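Student: Let the sequences and hints guide you as you build the complete structure.
Chains as they are written, first to last, in my numbering: chain A, 1 to 514; chain B, 515 to 1028.
Since the hints were made in silico from the structure, they are not lab data. If you're wondering where the values come from, they're calculated on a predicted model, not measured in any experiment. Using N, Cα and C, we set each Cβ at its ideal position, and we do this for glycine too. Mixed in with the good hints, there may be bad ones.
Here are some chain A residues pointing at chain B (derived, C-beta under 8 Å) [said to hold, decoys possible]: (1) LEU34; (2) GLY73; (3) ALA81; (4) HIS100; (5) ALA101; (6) LEU107; (7) PRO110; (8) LEU111; (9) PRO121; (10) TYR417; (11) ALA454; (12) GLY480.
Chain by chain, the residues:
2 protein chains.
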Amino acid sequence: MNGAQTLLQTLVNCDVDVCFTNPGTSEMHFVAALDQQDGMRAVLGLFEGVVTGAADGYARMAGKPACTLLHLGPGLANGLANLHNARRANSPIVNVVGEHATYHRSLDAPLTSDIEGFAAPVSGWVHVSESATSLAADGAAAVHAAMQGPGQIATLILPADTAWNDAEAPATALPAPALNPVPAERIEAIAAVLKSGEPCVFLCNGLGTSAAGLDLLGSIATHCKADLLGDTFIGRVERGAGRVDLPRLPYFAEQAEETLQPYQHIILVDTKAPVSFFAYPGKASELTPAHATAHQLSAAGDATLTALEQLAEAVGAGSVAPPRAGLKQPDLPTGALNPEAIAQAVAALMPENAIVVNEAATGGFALPGFTANAPAHSWLDLTGGAIGMGLPAATGAAVACPDRKVLGMQADGSGMYTVQALWTQARENLDVTTVIFSNRKYAILQVEFMRVGAVNPGRKAMDMMELNRPDLDWVAMAQGMGVDAARATTAEEFSTALAAALANPGPNLIEAVL
Amino acid sequence: MNGAQTLLQTLVNCDVDVCFTNPGTSEMHFVAALDQQDGMRAVLGLFEGVVTGAADGYARMAGKPACTLLHLGPGLANGLANLHNARRANSPIVNVVGEHATYHRSLDAPLTSDIEGFAAPVSGWVHVSESATSLAADGAAAVHAAMQGPGQIATLILPADTAWNDAEAPATALPAPALNPVPAERIEAIAAVLKSGEPCVFLCNGLGTSAAGLDLLGSIATHCKADLLGDTFIGRVERGAGRVDLPRLPYFAEQAEETLQPYQHIILVDTKAPVSFFAYPGKASELTPAHATAHQLSAAGDATLTALEQLAEAVGAGSVAPPRAGLKQPDLPTGALNPEAIAQAVAALMPENAIVVNEAATGGFALPGFTANAPAHSWLDLTGGAIGMGLPAATGAAVACPDRKVLGMQADGSGMYTVQALWTQARENLDVTTVIFSNRKYAILQVEFMRVGAVNPGRKAMDMMELNRPDLDWVAMAQGMGVDAARATTAEEFSTALAAALANPGPNLIEAVL
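Tutor: This is the structure:
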């Protein structure tokens, strides 16, 4: 076996069985090894932002890493923005990044670059393989690193000769890393806070937003008359009928401040103390009110579910029924097509057990409210603010969960970043319905332009925030990549198109013209 | 004036008058300042790879930097691959990268990342502005840094409060950096080599491939019976009728070795000793033959033209006429559409003074030969191997040279990387004709797969190297972004479409189905 073959068998031994790829010459031995390895599915993306975003969506739904196959420094660089998002979602990913042969690197051939330098800002673990014989162990270490804590990005750099030289044997999986136990004193202290009668809110993310976590939080909050809030952006939250609803901390800092104002205690569940997404002149960046105290129940990597069970016992909420949402779907909307009508139609038509990938930005404001009583679904947010996550993450989620319908709620500006993902959806015949919120602008920027204190945008400034002149034709672009598509300009047209799309397995897209 | 206003006025003072942008919230004050600054043109790209690739193409044609406006670490990250190419082309670029306000960075908000870490591998100069009052001087320093040597990438990181706080005054331009003189002894030594009668070849890039450089090289080579070769990939070379033709060092290492085999002396003109693009098992990486000696006449940043003038005098070639190519255009091709037919039609129809942006990869092999006697044109290659440079660089070249027709020779796989550039061509009504070599595969990988010693690709390996299932429809994608497009499947159809496209100012695209 050569190095690439041992690495690939090792990855399969470690339960990594999907590889999102965009290879080049230096990865050809890995591709050849893929060809001979039945245990690994290979999914091509036509741009690396698709590859890494798909790995993020996959990890969030599969709860384990996929690997990526990326071509040298520039291939990794193209995938960095979605790796940034994955890092913020604590998604486990194993990047396999090709590199020039060990003896070739010092020659500074055109594709030579500082791959470790590119990798470091997004990776919890970076390693350059030194030889074909060390590659198998490096692969096992990479998977182990990816599963550390809540999950992180492990980047294994693979000089071409370590792939093609003779190696020994594949490695076996290392023991799965354990979550950090939460100290009993911490749980007792927070139980005391909850029993004090002072206004408390839980701010939740990570394991706290799983169905089990929300049940526990719902019981505790009901019993202690505390409130629940989710972070503004969450890697994955379980929602809809049968789940405990989780309102969110608003995006805009002044609204977030107002939301947190009533509380004396903010209990942090698998998250950090709240800060504003951006800074604004004369506005606070830290959102914990001056009169309030933040209490860290658990952080990312902690055994949050066990801690919540213990907290429920400590406050006497162990047998309290969680306040689960009932099923209630609205009628189909009529009239003008606007964000509310889209949200209403989605809530009316969403099938059981869907996966919603939310990169709808401003256009999506009505979605959470309308879908709170829709059939149970998983919901994935843009966690790191690097737009272009939606179409790729939907792609990866569909690979992870072939029996579930994926609904991509997609802003047009963000969608253009990684529009190539549509082709992968077509090639793999993934069951993804994408709704493009086609408002033909970076609407958030028009809001933010005012909010940062800049005023009266002129033609040149507006040109930087509008996607018109010319209008994008999403139907044409989607069809050009092999995805069925339709355009809707009224609520009725949208409902009809969405019903058809959901009834039709495989990828399709609706351009909702707003 | 606030910091952003002084920075922008400073950039204009330094003769930087085009800004390729994709801004976000943290850049809104810069956008507001753009709005008020008539001296700076702002060109929006719908993905940052478009922005940085356009800045590269612009710099190669304008001979001076554009600035980019990028949104935090992920915005920069999306532009890194084309900055890698720009670095390899020695293109001057000033990146303005927004960052969280100075006091906000330590809070680790979702978009926080190590921007300096992302920037370092591609930048010759990186600086984080510390205050609004230092921003103007930082801007002048950035332009100065970008113009150092042959040109490099200068990255100025702009915390949002340095943009919005009050500043003092704009700065003026720093003195232009000078090229390094080539020592007289070096010229004399190379003159002696040329006079020795031993077989010599010039290997050229940079200033050596300008019209003036090629004239000087042509005179010297004619007089000394030496040969001329260009690097495999060149940032910009002047070609066609009236210019000295520059054959190229072949891409594949064994062909390059064979090409260099006859020579005892390789004289390096604004380039480095030749190395193979990739390493291959059992093949040499360094291409200078064992029996030959490489002599460095000049390196990037040296005063190559002066050195060539001195060398011409030293060998007595000062008055020798350079062997300039004559004008000779072929007839239009007929029959099957293949790479030769495309090249023949391009050579037959290319207008005077065109700019050819070449990212045609394997499909473009016939282009140099067919166009050697076409009307004079500038020719820009993919210099760093990071595919996705072509459509953006054509965009930037057209912004730099509004009176010249830009011809984008574009492989389909590479074109998909930054396909969003078509929209910018439409918005700015740029005079770009793009020819997509639609072979529906990463053809180079199918060659390389064999060459690295991997054999007999199976279905899974082939899937990683083919762009079919489904076929991309470039006409639909281009029209979806507002660019006129046509499909050609025969040589006659292609010639007709190309003639129509060239006669029609503004952007258009031809999908040449191979």
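Student: Run every hint past the structure and note whether it holds.
Tutor: A quick look at each hint next to the structure:
1. The beta carbon of A:LEU34 comes within 6 Å of a beta carbon in chain B, closer than 8 Å, and the hint placing it at the interface holds.
2. The restraint placing A:GLY73 at the interface with chain B holds, with a minimum CB-CB distance near 7 Å, inside the 8 Å limit.
3. Of the supplied interface hints, the one on A:ALA81 holds, with its beta-carbon coming within about 4 Å of a beta-carbon of chain B, less than 8 Å.
4. At its closest, the beta carbon of A:HIS100 sits 6 Å from a beta carbon of chain B; the interface hint therefore holds under the 8 Å criterion.
5. A cut of 8 Å between beta carbons decides the hint on A:ALA101: the least distance to chain B is about 4 Å, and the hint holds.
6. Interface restraint check: A:LEU107 against chain B, minimum CB-CB distance 4 Å, threshold 8 Å, status holds.
7. At its closest, the beta carbon of A:PRO110 sits 5 Å from a beta carbon of chain B; the interface hint therefore holds under the 8 Å criterion.
8. Hint on A:LEU111 holds. Least Cβ distance to chain B is approximately 4 Å, under the 8 Å limit.
9. With a cut of 8 Å, the hint placing A:PRO121 at the interface with chain B holds, because the nearest CB-to-CB distance is about 4 Å.
10. Interface restraint check for A:TYR417: the shortest CB-CB distance to chain B comes to about 5 Å, inside 8 Å, so the restraint holds.
11. A hinted interface residue such as A:ALA454 counts as satisfied when its beta carbon comes closer than 8 Å to some beta carbon of chain B; here the least separation is about 4 Å, so the hint holds.
12. Proximity of A:GLY480 to chain B holds as hinted, the smallest CB-CB distance being about 3 Å (cut-off 8 Å).
In terms of the numbered hints stated before, the structure departs from none.
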